[in-house]
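Peer 1: These are the residues of each chain, in order.
Protein chains: 2
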Amino acid sequence: MSEPATALRNDTFLRACLREPTAYTPLWLMRQAGRYLPEYNATRARAGSFMGLATNPDFATEVTLQPLERWPLDAAILFSDILTVPDAMGLGLSFAAGEGPRFAHPVRDEAAVARLAVPDLARLRYVFDAVRSIRKALAGRVPLIGFSGSPWTLACYMVEGAGSDDYRTVKTMLYARPDLLHRILDINAQAVAAYLNAQIDAGAQAVMVFDSWGGVLADAAFRTFSLRYTRAVVRQLKREAEGRRVPCIVFTKGGGGWLEEIAEPAEGGGADVIGLDWTTDLGRARKRIDDRVALQGNLDPTVLFAPPAVVAAEARAVLDSFGAAKRPDGRHGGHVFNLGHGISQFTPPEHVAALVEAVHGHSRRSRNAT
Amino acid sequence: MSEPATALRNDTFLRACLREPTAYTPLWLMRQAGRYLPEYNATRARAGSFMGLATNPDFATEVTLQPLERWPLDAAILFSDILTVPDAMGLGLSFAAGEGPRFAHPVRDEAAVARLAVPDLARLRYVFDAVRSIRKALAGRVPLIGFSGSPWTLACYMVEGAGSDDYRTVKTMLYARPDLLHRILDINAQAVAAYLNAQIDAGAQAVMVFDSWGGVLADAAFRTFSLRYTRAVVRQLKREAEGRRVPCIVFTKGGGGWLEEIAEPAEGGGADVIGLDWTTDLGRARKRIDDRVALQGNLDPTVLFAPPAVVAAEARAVLDSFGAAKRPDGRHGGHVFNLGHGISQFTPPEHVAALVEAVHGHSRRSRNAT
Chain A
4 MSEPATALRN DTFLRACLRE PTAYTPLWLM RQAGRYLPEY NATRARAGSF
54 MGLATNPDFA TEVTLQPLER WPLDAAILFS DILTVPDAMG LGLSFAAGEG
104 PRFAHPVRDE AAVARLAVPD LARLRYVFDA VRSIRKALAG RVPLIGFSGS
154 PWTLACYMVE GAGSDDYRTV KTMLYARPDL LHRILDINAQ AVAAYLNAQI
204 DAGAQAVMVF DSWGGVLADA AFRTFSLRYT RAVVRQLKRE AEGRRVPCIV
254 FTKGGGGWLE EIAEPAEGGG ADVIGLDWTT DLGRARKRID DRVALQGNLD
304 PTVLFAPPAV VAAEARAVLD SFGAAKRPDG RHGGHVFNLG HGISQFTPPE
354 HVAALVEAVH GHSRRSRNAT
Chain B
4 MSEPATALRN DTFLRACLRE PTAYTPLWLM RQAGRYLPEY NATRARAGSF
54 MGLATNPDFA TEVTLQPLER WPLDAAILFS DILTVPDAMG LGLSFAAGEG
104 PRFAHPVRDE AAVARLAVPD LARLRYVFDA VRSIRKALAG RVPLIGFSGS
154 PWTLACYMVE GAGSDDYRTV KTMLYARPDL LHRILDINAQ AVAAYLNAQI
204 DAGAQAVMVF DSWGGVLADA AFRTFSLRYT RAVVRQLKRE AEGRRVPCIV
254 FTKGGGGWLE EIAEPAEGGG ADVIGLDWTT DLGRARKRID DRVALQGNLD
304 PTVLFAPPAV VAAEARAVLD SFGAAKRPDG RHGGHVFNLG HGISQFTPPE
354 HVAALVEAVH GHSRRSRNAT
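Top line first, the protein sequences correspond to chains A and B. Numbered by the working numbering, the letters in the first sequence go through residues 4 to 373 in order. Numbered by the working numbering, the letters in the second sequence go through residues 4 to 373 in order.
Next up, chain A with everything else stripped away, as it sits in the complex (with noise of 0.2 Å):
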């Protein structure tokens, strides 16, 4: 367990998550410990490598707390990557220069599937002393979040050994041998489910499932082989801790046309928020789920490359799109404000900077004038 909470001075996004009323809409950046920042760059290089700087707690706190010096972003989110659980299962995850993340031993055959097994936690050790580390260090400022890959894009990655561009290798396993696929993405299951706990044990006041791959699937095949298990993993999940909950976040990149699946009431177990990407309307993606989970996301990370006043008239259309949080039902619906991907490594950060004002100033203006 963390040491005895510092009062959190900001909780705007958690109270976003649940859908409770908030004075503006609060706002994070998937990736937002990058590539694009210069510091970011410089700890990488005293590091050595990414994997290097993800393993050592006081690289991983510094490059954290980066964004936050420069910008009031409403949460921090811990600098890992979603793969290090399969590292964890002894595959050999590393990132060559300018490539992916790459698996030395690929879970292609029976025997390869038969030898994995949840793995031991104390491996992910240096995941929840980062943790701890940069609680310590926020002090309050805003809260952390903790994530993971879903079992379905760890299986992708496990299986094809690296990115792909059409995941043939995975997605002939599941057409010709589901047995195998299904035993993997248990043990993930198992496995992720565990991780994100013992983040929350260490100190994460919010918890992130990426399902980066979800949208490559057909449609019954995302229902059998991604959603089944991502749930599993969410109903797995502690969702209180230091006396408040913890929320959960599910995001399917592409996966805009399943929103009524993923978005299971939280009440019976589901995510508390579903993040979204830049084409599904937020405005129409409410209605469809009547509010049921709150919505982070989406502006598209291209946007960044235009001109500050453009980044800032895209920004206000996304937080219109959301509309007024509080409903004349007298119900409120919930919104986290992100991008719909990670940020691209060549974003100008003087444009963050104009996005940044842009939510947090439309948002404030937009209730006070209701």
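In short, the hints are calculated from the structure, not lab data. Please note that a few of the clues may not be correct.
[As the list claims (entries may be wrong)] Here are the simulated SDA-like cross-link-like pairs (lysine to any residue), alpha carbons at most 20 Å apart as the crow flies:
{"id": "1", "chain 1": "A", "residue 1": "Lys256", "chain 2": "B", "residue 2": "Ile292"}
{"id": "2", "chain 1": "A", "residue 1": "Lys256", "chain 2": "B", "residue 2": "Arg171"}
{"id": "3", "chain 1": "B", "residue 1": "Lys290", "chain 2": "A", "residue 2": "Lys256"}
{"id": "4", "chain 1": "A", "residue 1": "Lys290", "chain 2": "B", "residue 2": "Glu263"}
{"id": "5", "chain 1": "A", "residue 1": "Lys290", "chain 2": "B", "residue 2": "Arg291"}
{"id": "6", "chain 1": "A", "residue 1": "Lys290", "chain 2": "B", "residue 2": "Ile292"}
{"id": "7", "chain 1": "B", "residue 1": "Lys256", "chain 2": "A", "residue 2": "Ala223"}
{"id": "8", "chain 1": "A", "residue 1": "Lys256", "chain 2": "B", "residue 2": "Asp169"}
{"id": "9", "chain 1": "A", "residue 1": "Lys329", "chain 2": "A", "residue 2": "Leu21"}
Use these hints to put chain B onto chain A, whose structure you have.
Peer 2: Below, chain B without anything else, positioned relative to chain A:
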């Protein structure tokens, strides 16, 4: 105009496009004449390059007919590329070995946009010659589909100069200089409409607009920069030739969320058929649009890597998801079976045999059973 048409012996595809009763569900496969066929690779080797193949009507005819020699597919599709129009604008299309398309002269600034013009269709004569030659070779066996990329999809390649992971350059133009992009799209829409009408004049019996990259756009941007211009193309199309309606198919990869908007009634000048990728369930799609248009799709092409028995089962599942074309109220839906994306070059051809047999056999049995 084409020569007097030979009577069409198999019009199942055309009838399904128009939601007329058929004895079975017709099928064809996007990229059915392609690298997964050894005979295609042999012809391509003789032609020297992809463009050498596409610009020679004899070669184009040869490869267009190759898949039909193997299997009783219900339509032929012109062998060509979605990017012939910008090539005719002088942008210099090429295909490096193992890579996607590339333009020597991308359109990225005000001066380049100012130079753009609707190309002289004489520069695309090789395409119309190929259409005439293929129609002759088909001799009424099945209908021939002509096609082009959508205005937005052409613009993606014209501005980026090649494929992209994030379409950052064209999206930056979209947000920062929408005036430039609108000019490109307006020229593209005029050019694509004229090009497709010339294909129809040469003998194309249906036409398809590929909006391959509509799905990368934010909701509002899709409506403004993709759908609006696709509609402009469709509204300008000749819809009758040789005494028959020429159906128009619109396929937006990743566009399932916008189905209601894309499915403008054909009577109002919209497409007759909407193509869907595998993320959307056909049965639910039908309900959403109340069978106002026919649907084309939507097997995940990676299913073709599974054993033939699985391919057959998944094909039946797609047919069953659409359900009976005839509705209780006596009206008909229309279903053209296809993949949800082009067939992979790594597909074993014998798995395609299993697919064709399953689609024809199962759909015929289902109709007889009801």
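Peer 1: Keeping to a limit of 20 Å between CA atoms, is the pair of Lys329(A) and Leu21(A) held or broken?
Peer 2: holds (13 Å)
Peer 1: Are the Cα atoms of Lys290(B) and Lys256(A) separated by 20 Å or less?
Peer 2: violated (25 Å)
Peer 1: Does the structure keep Lys290(A) and Ile292(B) at a Cα separation of 20 Å or less?
Peer 2: holds (19 Å)
Peer 1: Mind checking the alpha carbons of Lys290(A) and Glu263(B) for me, to see if they're no more than 20 Å apart?
Peer 2: Roughly 16 Å separates the two Cα atoms, so the pair holds.
Peer 1: Is the Cα-Cα distance between Lys290(A) and Arg291(B) 20 Å or less?
Peer 2: Given that 20 Å is the threshold and the Cα spacing comes to 16 Å, the pair holds.
Peer 1: Assess, step by step, whether the Cα of Lys256(A) is no farther than 20 Å from the Cα of Arg171(B), and give holds or violated.
Peer 2: This hinted pair holds, its Cα atoms lying about 18 Å apart.
Peer 1: Given the hinted pair Lys256(A) and Ile292(B), is their alpha-carbon gap at most 20 Å?
Peer 2: violated (25 Å)
Peer 1: Between Lys256(B) and Ala223(A), does the CA-CA distance stay at or below 20 Å?
Peer 2: Distance ~18 Å between Lys256(B) and Ala223(A) Cα, so the pair holds.
Peer 1: Do the alpha carbons of Lys256(A) and Asp169(B) lie within 20 Å of each other, as the hint requires?
Peer 2: holds (14 Å)
Checked against the numbered hints listed earlier, the structure breaks hints 1, 3; every other hint is satisfied.
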